[in-house]
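Undergrad: Sequence:
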Amino acid sequence: MRAYSTAHLAVELPEGHPFPLYKYRGVAEALRGLLPILPAPEVPREALYLAHEAAYLERLFTEGLSREESLRLGLPFSPSLLRRALFAAGGTLAAALDALEGGLGLNLSGGTHHAFPNRAEGYSLFNDVAVAVAWLRREGFRGRVLVLDLDAHQGNGTAVFFQNDPSVYTLSLHGERNYPLKKERSDLDVGLPDGTGDEAYLLALEGALEQAWDFRPEFVFYNAGVDVLKGDRFGRLALSLEGVRRRDERVFRFVKALGVPLVVVMGGGYNRDPRLTVEAHAGTYRLALSSLA
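Counting in UniProt numbering, the sequence shown runs from 1 upward without gaps.
Hints were generated in silico from the structure; no laboratory data involved. Even glycine gets a Cβ: it sits at the ideal position worked out from N, Cα and C. There may be inaccurate statements among the hints.
Stated by the list, open to error - Listed below are the simulated EDC-like cross-link pairs for lysine to aspartate or glutamate, each with C-alpha atoms no more than 20 Å apart in a straight line: (1) Lys-183 to Asp-198; (2) Lys-230 to Glu-176; (3) Lys-183 to Glu-279.
Unchecked claim - Have a look at the derived ranges for each label pair, beta carbon to beta carbon: (4) Ser-291 to Pro-36: 18 to 24 Å; (5) Met-1 to Glu-242: 22 to 28 Å; (6) Leu-21 to Lys-182: 26 to 32 Å; (7) Lys-182 to Ser-290: 38 to 44 Å; (8) Ala-54 to Glu-242: 45 to 51 Å.
Required output: the full structure, derived from the provided sequences and hints.
TA: Listed below in structure tokens is the structure:
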């Protein structure tokens, strides 16, 4: 068992920018000693072209993003940003191959679910899960895939990628009034009111997982965002650390009952207390190891 990390990659950001670069190094350090943590590999360009539109990729690699596109992304475009996105997507792809072989794959990054086939949005240049699914298909995997997105924000890009693919079931449990303003159509969208706490959240999750069970997935990608925590700058929900642990426990119990491979990707987490963000993310990976490894 191993995990992949982008902690070794720097990104040029304006002073005070809210993107939480600190958490990638923090989570890797919190897990060190539990399992080998490897630098994420760069995603093959071929894999990107299996998922994203060629015109978008070619423009990205030659011209970058315009100012307007960078505003939509929420990050200033730079070569270091592009490089990090390539390795974050590579970590998810490597984790997917690990999961096929051993049942569990871990990327201490990824979950960039706002990237569309033809554009960047919401801190997401590439949709790492869509890229990994496309690569698995190319390599011959034909099983049903569940994308279980428990980030506080709807996985709008992921929904668009798979809207016409009956072999992939997209489930998003998110803040109804949160970003993105325009929601796309997942197979199952569960919108929650601002301030939703542990018990209401877990009840909603239970019902959603019951519906996903009927799909009988044969592979699961879990976007384990911790921006559901109370005090998150962008999450607008109000789970406790214990609530996040119970959420993860329920997910891992669900996957174990299915007996299928699982990939865990990090997703969002922007708590006003950075220590809580790191602790919650690290707790997810620890629980995955103790429950499924």
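Undergrad: Each hint should be assessed against the structure and marked as holding or not.
TA: To see whether the hints hold, each was checked on the structure:
{"no.": "1", "hint": "Lys-183 to Asp-198", "verdict": "violated, 24 Å"}
{"no.": "2", "hint": "Lys-230 to Glu-176", "verdict": "holds, 16 Å"}
{"no.": "3", "hint": "Lys-183 to Glu-279", "verdict": "violated, 30 Å"}
{"no.": "4", "hint": "Ser-291 to Pro-36: 18 to 24 Å", "verdict": "holds, 19 Å"}
{"no.": "5", "hint": "Met-1 to Glu-242: 22 to 28 Å", "verdict": "holds, 26 Å"}
{"no.": "6", "hint": "Leu-21 to Lys-182: 26 to 32 Å", "verdict": "holds, 28 Å"}
{"no.": "7", "hint": "Lys-182 to Ser-290: 38 to 44 Å", "verdict": "holds, 39 Å"}
{"no.": "8", "hint": "Ala-54 to Glu-242: 45 to 51 Å", "verdict": "holds, 46 Å"}
In this structure, the hints that do not hold are numbers 1 and 3, in rising order.
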